[in-house]
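Engineer: With chain A's structure known, arrange chain B on it following the hints.
From first to last, the protein sequence lines stand for chains A and B.
Taking numbering that gives the first Met the number 0, the leading residue of the first sequence gets 0, the next gets one more, and so forth.
Taking numbering that gives the first Met the number 0, the leading residue of the second sequence gets 0, the next gets one more, and so forth.
Honestly, the hints are just simulated from the structure, not real lab data.
Careful: at least some of the hints might be erroneous.
[Stated by the list, open to error] Looking from chain A toward chain B, a few residues come up when the C-beta cut is under 10 Å (computed):
id : residue
1  : PRO4
2  : MET108
3  : PRO175
4  : LEU221
5  : GLY257
6  : LEU261
Using N, Cα and C, we set each Cβ at its ideal position, and we do this for glycine too.
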Amino acid sequence: MKSRPNWPAGLFALVWLAIVVGPLLYLVTVSLRSRAEYLGKSAWEIPDALTLDNYVTVLTGNFGQYLLNNVIVTVATVAIVVLVTVPAAYAVVRNTSPFVQRGFTLLLMGLAIPAQATIIPVYLMITRMRLYDTLTAVILPTAAFALPVAMLVLVNSLRDVPRELYEAQAIDGAGPLRVLVSLVLPLARPAIMTVVVYTALNAWNGFLFPLVLTQSESSRVLTLGLWDYQGQFGTNVPALLAAVTLSVLPIFAVYLIGRRFLLSGLTAGFGK
Amino acid sequence: MSSQRPSAWYAVPAFAFFALFAALPMLLVIYLSFTAWDSLGTPRLNGGENWARLLDDAEARASVWRTLLLMVMSWLVQTPIALLVGVWAAGKQRSRAVLSSIFFLPLLLSTTAIALLWNALMEPNFGAFVGGPLFLGDPDIALYTVVLVISWQFIPFHTLLYQGAARAVPPSLYEAATIDGASRVSKFRHITLPQLRYTIVTSSVLMLVGSLTTFDTVLILTQGGPGTATRILPLHMYITGFKGFEMGYASAIAVVLVVLGTALSLAVMRWSGFRSMSSQQEGS
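Chain A with its partners taken away, still in its complex shape (with noise of 0.2 Å):
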């Protein structure tokens, strides 16, 4: 069916287009300013020179240790989902014992629990287990609170997995393990990149864990550092923004790489 164009929507997604892009032109010209031009000329003035001069000040501080600490952290809640929960989500596929059904149930209450109200009695059992100030401290409780939302993903999929199909694999004689490897991984492919795409976006931006579990520079990840760079580049905000915008690249690549997987994992577990 072929209509003819919507002038008025046109003209609002034009409006919607400036609001989006207008803050993100802002974020990489003013971190390509110097700050002489920053702090003399008006924010709409076309600049006399771009410099990459901030992109080095900000590369030649703590920015790679805050990286590092952010792919440590971020691989390892990845790890540590997906390790737990593709047979978690087998077993509430494939065993209908009431232990595993209700314990599917309450776990997807956590999907309810926000974890703002959680961060207290996090800090009490942190520095109880003497992992205050540690990036596992980081890991562990960014890595429980992603897990119901992964079950629900891994779960939907491995339910539209015909019942033949695993029945015809223990025919052949294979145990539940070889069904794991040779059946449900490879099924659940889609539904498990899903899962690793929302478990490193939250970890990579994760905020509040790190803000209330670590301290010292050495453990601190990137959020927390571009936090940190606001007082101490005061009004070098050119600088800032370079921060900024090197924090953004890797997430930048993934989406230009796997833009569907991205997508995908930004809505995981609430609709397409």
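Structural biologist: Here is chain B on its own, set in the frame of chain A:
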């Protein structure tokens, strides 16, 4: 046959991990709300002292109101824009596909990055709006400014939900309406909106619960200021606990937060049906 099925042990690591780091803290926070604890020593039971104090705390009451205002305002700003942009972006035209891939760009930025960017944009002396309103510095409009920043951050996410749902509306419905000579507006009202009602519910629950627990955006933008103009409930809890070292009292505030969040989700889902929400996921 039954020996071929995975044993319950397959689920134990996930359950145990969740129990220890998510479920146990939920129980602990209730216990802590009946204690006095300065974050260093040992929590000491003090009966219902925190709860009695909470009932009399004018600042806590004010922060609940600010939170509700923030929730309602965020919903009012985000829902119409996300709905319209999402439905528009669902169109098959190439221009729409290109523009919608740009619309999703804010999703790539962390909350921290977004808050720092908007702080810079609204910086009164060198920002993009020099000579304009003070935005975050003006106690009368600071909370509304926060709503705008939150909306800029989250509208793309909800647009994505609406885009997916609008694409799933059967084209035959529109074709039939076109034959009947229905106008564009009337097709939107009588076909699109009813077809999207479950997505509207899902998106609304996420928006309401999300703004109830907004924390990092406000902490970075204003730290609750100027004065206490933007001190919403989660921030009040954080400042009371981690800055004022009254962890017991802050735990009572945290319990209020959980109760509000659960009540809110249950109310919206009961009113609209959770089953329909999960059946939509299966269709995705």
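Engineer: Next item in the hint list is LEU261(A). Is there a CB on chain B closer than 10 Å to its CB?
Structural biologist: 8 Å, holds
Engineer: Hint check: is the beta carbon of LEU221(A) less than 10 Å from a beta carbon of chain B?
Structural biologist: 8 Å, holds
Engineer: Would the stated hint for GLY257(A) survive a check requiring a Cβ distance to chain B of less than 10 Å?
Structural biologist: 13 Å, violated
Engineer: Taking the closest Cβ pair, is PRO4(A) under 10 Å from chain B?
Structural biologist: Hint holds; PRO4(A) Cβ to chain B Cβ min 8 Å, cut 10 Å.
Engineer: Given PRO175(A) was flagged as interface, is its beta-carbon under 10 Å from a beta-carbon of chain B?
Structural biologist: PRO175(A) check passes; min Cβ-Cβ to chain B is 4 Å, inside 10 Å.
Engineer: Does MET108(A) pass the interface hint, meaning its C-beta sits closer than 10 Å to a C-beta of chain B?
Structural biologist: This interface hint holds because 9 Å falls under the 10 Å limit.
Violation of the numbered hints given earlier is confined to hint 5; every other hint is satisfied by the structure.
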